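So the sequence shown is residues 515 to 731, counted in this note's numbering.
These are calculated hints, taken from the structure and not from any lab test.
Source: prediction; values computed, not measured.
Be aware that one or more of the hints could be misleading.
Just the calculated beta-carbon pair ranges, DEER-fashion [what the hints assert, rightly or not]:
{"id": "1", "residue 1": "683", "residue 2": "556", "range": "40 to 48 Å"}
{"id": "2", "residue 1": "639", "residue 2": "579", "range": "31 to 39 Å"}
{"id": "3", "residue 1": "593", "residue 2": "687", "range": "15 to 23 Å"}
{"id": "4", "residue 1": "692", "residue 2": "528", "range": "36 to 44 Å"}
{"id": "5", "residue 1": "580", "residue 2": "658", "range": "26 to 34 Å"}
The beta-carbon is built from N, C-alpha and C at its ideal position, and this holds for glycine as well.
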Amino acid sequence: MNNLGYPQKLFAWNNGGSGWALDLEEGASYGDGWLDHDCGYVGWDDETRNYLNGLDPGAGTADHSDVNVIVWSWYGQVNDVNLQTYYLDNMRDLENEYPNVTFIYMTWHLEGYTTGDPWFNNNTAIRDWVAQGQDRVLSDFADIEKYDPDQNVNYADYFADNNCDYDSDGTSPRREDANWATDWQNNHTVNVDWYTYFDDVFVDNTWARVELCDEST
Numbered sequence: 515m516n517n518l519g520y521p522q523k524l525f526a527w528n529n530g531g532s533g534w535a536l537d538l539e540e541g542a543s544y545g546d547g548w549l550d551h552d553c554g555y556v557g558w559d560d561e562t563r564n565y566l567n568g569l570d571p572g573a574g575t576a577d578h579s580d581v582n583v584i585v586w587s588w589y590g591q592v593n594d595v596n597l598q599t600y601y602l603d604n605m606r607d608l609e610n611e612y613p614n615v616t617f618i619y620m621t622w623h624l625e626g627y628t629t630g631d632p633w634f635n636n637n638t639a640i641r642d643w644v645a646q647g648q649d650r651v652l653s654d655f656a657d658i659e660k661y662d663p664d665q666n667v668n669y670a671d672y673f674a675d676n677n678c679d680y681d682s683d684g685t686s687p688r689r690e691d692a693n694w695a696t697d698w699q700n701n702h703t704v705n706v707d708w709y710t711y712f713d714d715v716f717v718d719n720t721w722a723r724v725e726l727c728d729e730s731t
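Can you build the whole structure from these sequences, using the hints too?
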């Protein structure tokens, strides 16, 4: 983000969060530690409680009282669960139980489908739920994936997937005959218009949104 003209150290991070920096902790992936797996696995909400309470059967004890933001990602399981009872209701319960923690919602990535398919309906339901609540925060992964940085074309209308592949004429049956990311890069200058670690923009935008919500309360 510094390369895009933002003030230096606006998104600084370190272990412990000293000097007003962010302190970012990643879950244990698919092991037995804190916040293991993803929220597509049953028990993710209790994993969250264990982490915030500092007691986990697999990870032991630790003080996490300084944690004020939690974000769970997930994959295609969004179409395999009852979205309301499995995800939205549990997120609401966590918000009520831990009012000093911001729980960030996330949509599912693009999967090569278009309007009216299950992924579209579930992502729309997540967006609507966030909009209905007060001070809820959403990392709209699907929305980010469907646009190149110029934001002139909605590639979800062209059956885009999470690899940025899409069907150039947008008609069924779907063909993967183009890639909007490489198309855009080939028409722009590296280290001027785009940078190698472009995912950082997605992450930094998430923390910026949390900060904006903090300042508005």
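Each hint tested on the structure:
1. Between residue 683 and residue 556 the CB atoms are about 41 Å apart, so this pair conforms to the stated range of 40 to 48 Å.
2. Distance hint for residue 639 and residue 579: a CB-CB separation of about 33 Å, consistent with the stated range 31 to 39 Å.
3. Residue 593 and residue 687 have their C-beta atoms about 20 Å apart, which keeps the hinted 15 to 23 Å range intact.
4. A beta carbon spacing of about 41 Å between residue 692 and residue 528 agrees with the range 36 to 44 Å that was offered as a hint.
5. Under the hint 26 to 34 Å, the C-beta atoms of residue 580 and residue 658, about 29 Å apart, fit the expected range.
When each numbered hint is compared with the structure, no violation occurs for any of them.
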